[in-house]
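2 protein chains.
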Amino acid sequence: MNILLVYAHPEPRSLNGSLKRFIVDRLEGQGHAVQVSDLYAMGWKAALDGADRLDRDPEARFAPDADSRHAFDHGTQSADIVREQDKLRWADALILQFPLWWFSMPAILKGWVERVYANGFGYGVGEHSDARWGDRYGEGSLAGKRAMLVVTAGGWESHYGPRGINGPIDDLLFPIQHGILYYPGFDVLPPHVVYRTGKMDAARFAATCDTLGRRLDKLFSTAPLPFRRQNGGDYAIPELGLRPDLAPGRTGFGIHLDDAQPASLLHVAQPGGEQGAEREQDRARRHEAQAAAHAEGLAQ
Amino acid sequence: MNILLVYAHPEPRSLNGSLKRFIVDRLEGQGHAVQVSDLYAMGWKAALDGADRLDRDPEARFAPDADSRHAFDHGTQSADIVREQDKLRWADALILQFPLWWFSMPAILKGWVERVYANGFGYGVGEHSDARWGDRYGEGSLAGKRAMLVVTAGGWESHYGPRGINGPIDDLLFPIQHGILYYPGFDVLPPHVVYRTGKMDAARFAATCDTLGRRLDKLFSTAPLPFRRQNGGDYAIPELGLRPDLAPGRTGFGIHLDDAQPASLLHVAQPGGEQGAEREQDRARRHEAQAAAHAEGLAQ
Numbered sequence: 004m005n006i007l008l009v010y011a012h013p014e015p016r017s018l019n020g021s022l023k024r025f026i027v028d029r030l031e032g033q034g035h036a037v038q039v040s041d042l043y044a045m046g047w048k049a050a051l052d053g054a055d056r057l058d059r060d061p062e063a064r065f066a067p068d069a070d071s072r073h074a075f076d077h078g079t080q081s082a083d084i085v086r087e088q089d090k091l092r093w094a095d096a097l098i099l100q101f102p103l104w105w106f107s108m109p110a111i112l113k114g115w116v117e118r119v120y121a122n123g124f125g126y127g128v129g130e131h132s133d134a135r136w137g138d139r140y141g142e143g144s145l146a147g148k149r150a151m152l153v154v155t156a157g158g159w160e161s162h163y164g165p166r167g168i169n170g171p172i173d174d175l176l177f178p179i180q181h182g183i184l185y186y187p188g189f190d191v192l193p194p195h196v197v198y199r200t201g202k203m204d205a206a207r208f209a210a211t212c213d214t215l216g217r218r219l220d221k222l223f224s225t226a227p228l229p230f231r232r233q234n235g236g237d238y239a240i241p242e243l244g245l246r247p248d249l250a251p252g253r254t255g256f257g258i259h260l261d262d263a264q265p266a267s268l269l270h271v272a273q274p275g276g277e278q279g280a281e282r283e284q285d286r287a288r289r290h291e292a293q294a295a296a297h298a299e300g301l302a303q
Numbered sequence: 004m005n006i007l008l009v010y011a012h013p014e015p016r017s018l019n020g021s022l023k024r025f026i027v028d029r030l031e032g033q034g035h036a037v038q039v040s041d042l043y044a045m046g047w048k049a050a051l052d053g054a055d056r057l058d059r060d061p062e063a064r065f066a067p068d069a070d071s072r073h074a075f076d077h078g079t080q081s082a083d084i085v086r087e088q089d090k091l092r093w094a095d096a097l098i099l100q101f102p103l104w105w106f107s108m109p110a111i112l113k114g115w116v117e118r119v120y121a122n123g124f125g126y127g128v129g130e131h132s133d134a135r136w137g138d139r140y141g142e143g144s145l146a147g148k149r150a151m152l153v154v155t156a157g158g159w160e161s162h163y164g165p166r167g168i169n170g171p172i173d174d175l176l177f178p179i180q181h182g183i184l185y186y187p188g189f190d191v192l193p194p195h196v197v198y199r200t201g202k203m204d205a206a207r208f209a210a211t212c213d214t215l216g217r218r219l220d221k222l223f224s225t226a227p228l229p230f231r232r233q234n235g236g237d238y239a240i241p242e243l244g245l246r247p248d249l250a251p252g253r254t255g256f257g258i259h260l261d262d263a264q265p266a267s268l269l270h271v272a273q274p275g276g277e278q279g280a281e282r283e284q285d286r287a288r289r290h291e292a293q294a295a296a297h298a299e300g301l302a303q
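If you read the sequences in order, they're chains A and B. Just so you know, the first sequence maps onto residues 4 to 303 in my numbering. Just so you know, the second sequence maps onto residues 4 to 303 in my numbering.
Just chain A, same shape as in the assembly (with noise of 0.2 Å):
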């Protein structure tokens, strides 16, 4: 299969570069091709301007949707953004792999999927109706695609647990894996998380390595996260409130996922006797608060 690894981190010394490299060599092993886009080294523009439309009238009122639209259907996208579309149609799987900054993905891969995401490829898919509020979330231009995240923090686990200070990891999440993946129609897998980067040895590298080396070689075959279909009658047209019948008296980000969806509908590529498990496991991890006593450390 084809995998897209979008990497951004200015130091190839570091965690991360070594992560990017075992991810690289542990899907080639699997016989997969992979392209990296490497934002730092690509020198990746990150503020979404005027100039990512190269027929812009540098006298008019730039409209950011607007003249987005018109470059990709005109072929007026500065070269850079049309590159990586292209490598998002080319990939069966898209792996983002970033540290956590500020509880969010580096401006530079944000600035990436601003400008890559382009109005007609990234939003501002499909038609608007009484049934319908366009292709998006879980449907739209990469319907198909498997997404995950590769994400480092140097804080610990606990501090990212369902009542850790800085929020659950789940959430942070949140607005990347449904509002950045999801929307324009990947499928989204469970993220991995590596904590505590500052206390990383070769012991905990190796065991880190292997951990992550297990969840690429199910890339393909783990069940996605349940987020709920946009258009499939989960939601309100055209308020896009969750029907009231459904977790019911609940608000907040968890009531989108839904555990009540058989694996089965989930896209599943090659189901496997091991999935069921794995996900309940992945639940219990996510949604265990981390008691154990961890030994000092910075958290940042």
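Just so you know, the hints here were simulated from the structure itself, not pulled from any lab data. It is possible that some hints are incorrect.
As the list claims (entries may be wrong) - Cut-off 30 Å, straight-line C-alpha distance, at most; resulting in silico cross-link-like pairs (BS3-like, lysine-lysine):
1) B/K48 with A/K23
2) A/K23 with A/K48
3) B/K48 with A/K90
4) A/K221 with A/K202
5) B/K221 with B/K148
6) A/K221 with A/K48
7) A/K23 with A/K90
8) B/K90 with A/K48
9) B/K90 with B/K48
10) A/K48 with B/K48
11) B/K90 with B/K148
12) B/K90 with B/K202
None of the values given here were measured: they were computed from a predicted structure.
For this one, chain A is given, so just place chain B on it according to the hints.
For chain B alone, coordinates are given in the frame of chain A:
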């Protein structure tokens, strides 16, 4: 008072450009001193990298946290970073104004945070002990100052409601309000969010300015969001989970707000009779589903 407006939109002739001019005029009309960091106009460098430390050995391994610390401690930070830190020291209040792009701030503003929040300034402040985990979440270099978001969104308010498909706006903004503003010590005011920006006409713009203007007039008297202080006893140290007897049985971002906290503890500069009612109204508005029907319109 002194107010820093950090503004991130590429086009002056946009809704955000108009709102920026309104904000500056209103605040100056109230006798405040205002500085604007217009990131696009400044050509702000979004990507954090080794060039941010002027005396770095270009052959050495770049460590974002260690190099930032060295540069901050030794006066070798890039000049653009120093200027923004000086503006923050000068300011009594910070306003971040931006369009919500992919459910977060634009890349150029994220890069302002990453670069200006140096190690020793935005994080890495204070000591770690059995009773403290650094000066953060309510303490830090920027304690005693106020901060507020002014955000525009293309989508409908109901899409960002408690059960809206995008996720509740308060949860989407939590990583910014709690993780970026409260973290180094700001008292964070409720955000001002303008929805459905594609449907803005003169009458609605006037109404928007009227509401926003009244918020700005109370910038130094509105009760901040009652985020819980990290080192105030609510969290176990070093695990940093919320004590089991607080918000018992609950999880998620919301538990880090202490709804029982009296306003008098919240560093309210000029308490007034209207505030309690306003806070209640704000809370009701934010936590109530937007059930009213809307006219047609595109979400993005």
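Status of the hints after comparison with the structure:
no. : hint               : in the structure
1   : B/K48 with A/K23   : holds, 25 Å
2   : A/K23 with A/K48   : holds, 21 Å
3   : B/K48 with A/K90   : holds, 26 Å
4   : A/K221 with A/K202 : holds, 27 Å
5   : B/K221 with B/K148 : holds, 14 Å
6   : A/K221 with A/K48  : violated, 33 Å
7   : A/K23 with A/K90   : holds, 18 Å
8   : B/K90 with A/K48   : holds, 26 Å
9   : B/K90 with B/K48   : holds, 17 Å
10  : A/K48 with B/K48   : holds, 10 Å
11  : B/K90 with B/K148  : holds, 12 Å
12  : B/K90 with B/K202  : violated, 35 Å
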